[in-house]
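Below are the chains, spelled out letter by letter.
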Amino acid sequence: MNEPRLDADGEMLCLNGVTKTFNLHNQGERTIPVVTGVNLKLNAGECMALMGSSGSGKSTLIRMIYGNYGCAAGEILIREEDGSWTDLAQADPREVIRLRRHRLGYVSQFLRVIPRVATIDVVSEPMRLAGASDSESRNRAAELLTRLNLPEALWDLSPTTFSGGEQQRVNIARGFVHPYPALLLDEPTASLDKVNRQVVLDLILEARDRGAAILGIFHDHEAREAVCNRFLDVEEFKAAA
Amino acid sequence: MSELLRVENLTKSYGRQRGCTDVSFELWPGEVLAIVGESGSGKTTLLNCCAGRLAPTGGSVVYETRHKGLIDIHGMSEPERRFLMRTDWAFVHQNPRDGLRMNVSAGANVGERLMAVGARNYGNIRNAALDWLSRTEVDPDRIDDLPTTFSGGMQQRLQIARNLVSGPRLVFMDEPTGGLDVSVQARLLDMLRDLVDRLGLSAVVVTHDLAVARMLSTRLMVMQQGRVVETGLTDRVLDDPQHAYTQLLVSSVLQP
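Residue numbers (our numbering), protein chains in the order written: chain A, 1 to 241; chain B, 1 to 256.
Looking at chain A on its own, in the form it has when it is part of the complex:
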């Protein structure tokens, strides 16, 4: 790939005092504090693992950075192409959509697609939305699906009927098809066999080498050790219940 290499020392993502509580209005006005005062800085070329027990708020934090959850307090700053910073905690929907198209990728644990859309189109869509041509996007999608050992006979089928592992590989291909400068990964190697797990780890390392800033959750200890060069314990920011 001939992507321009990002400034290796450049800060890409910066969280200041990020706090999240859920207010459940219909369940006795319960307030559920999740995390409070999260600070982190992530540079281009770094891969940081979020650590902590289940329920400590790792996925919540990733979803907040992606704009999928609101932010109760604090700043979530992402660096723009021109070097300026945008606060995702305050960004309006149009800005969040723009950032998701060009700057910020996300591989979730579950694939969510419209029934009937072919796998190759599901995978190539993010690249097309980022401005690449149809053929360029499909070629890149085909390359990733091949690397992830998804048989070509399945490419023109909808992934809705695929097995869990196949869906997860489609999801990963979709997440890596466009070279985002920042990437969020929620258990990317779960439900994969050994061979495909190694392919995903290679993809993560390649993304890191081209200068992407990566923040991920890896329950798989070996995977975490293989790709992460920074670690953050989310329990430190556990909100007092």
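Wrong hints could be hidden among the right ones.
If we take Cβ atoms under 7 Å as the criterion, some of the chain A residues that face chain B in the derived model are [what the hints assert, rightly or not]:
{"hint": "1", "residue": "Asn68"}
{"hint": "2", "residue": "Val96"}
{"hint": "3", "residue": "Pro115"}
Keep in mind that the hints were calculated from the coordinates and are not lab data. Nothing here was measured: the structure is a model prediction, and the numbers come from that model. The beta carbon of each residue, even a glycine, is placed where N, CA and C say it ideally should be.
Given the structure of chain A, go ahead and fit chain B onto it with the hints provided.
Using the frame of chain A, we list chain B on its own:
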């Protein structure tokens, strides 16, 4: 980029009955906005006021016209508004029978919109009709059949073909998948999303189905008793709802 449609403080009351109250939003080119809420929440009233089909009691609906810039559509003359509605705009009804002419052929239903904007060459009109029938997955062999002989899903796709053939910039949809079988819904949703995506259309979609809103829209507005109670990025409103009513709506959906 700037706004295509700007709705400000829109209110519609039917006597003492409130249809919708004080609704404001902006739609930019290429955006799809979904309006959700239970029946009676005022979403169809709002859609009809925005689409110029119903005169509001207060507020304004301003549209960026191709030649004259921003114009309040309710301040236009009736012929001007009608011209806009059949050229730049499209309206997809929940019941296809409300948007089709049932006593003329499928081809005529599609061709009529083109003739309304000045097309006269029969061959060109028929070819455009054939093209749009195939794009909306209606068998082109059925071009001379009456819509009464079509299934509900085919009628809905024909209505969409009729609406999109004239190249509108803004499409209003009222429960476009309501009343259709689930398998037909998925096909229609996929088709609608692809068309909106490829043609760069803007759309306002009223639905009570949160899954439809998630698939089609990037922004979501939640209405209750005629008022907007929550608005924002579609996935955020659905996954992290803030208002009590939205939380109730989201938590009430059965997971298959």
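Task: Restraint outcome when Asn68 of chain A is required to lie within 7 Å of chain B by C-beta distance - done: holds (5 Å)
Open item on the list: A closest beta-carbon separation below 7 Å is what the hint needs, so does Pro115 of chain A meet it against chain B?
Closed with: holds (4 Å)
Task: Hint check, Val96 of chain A versus chain B [nearest Cβ-Cβ separation less than 7 Å] - done: holds (6 Å)
Checked against the numbered hints above, the structure violates none of them.
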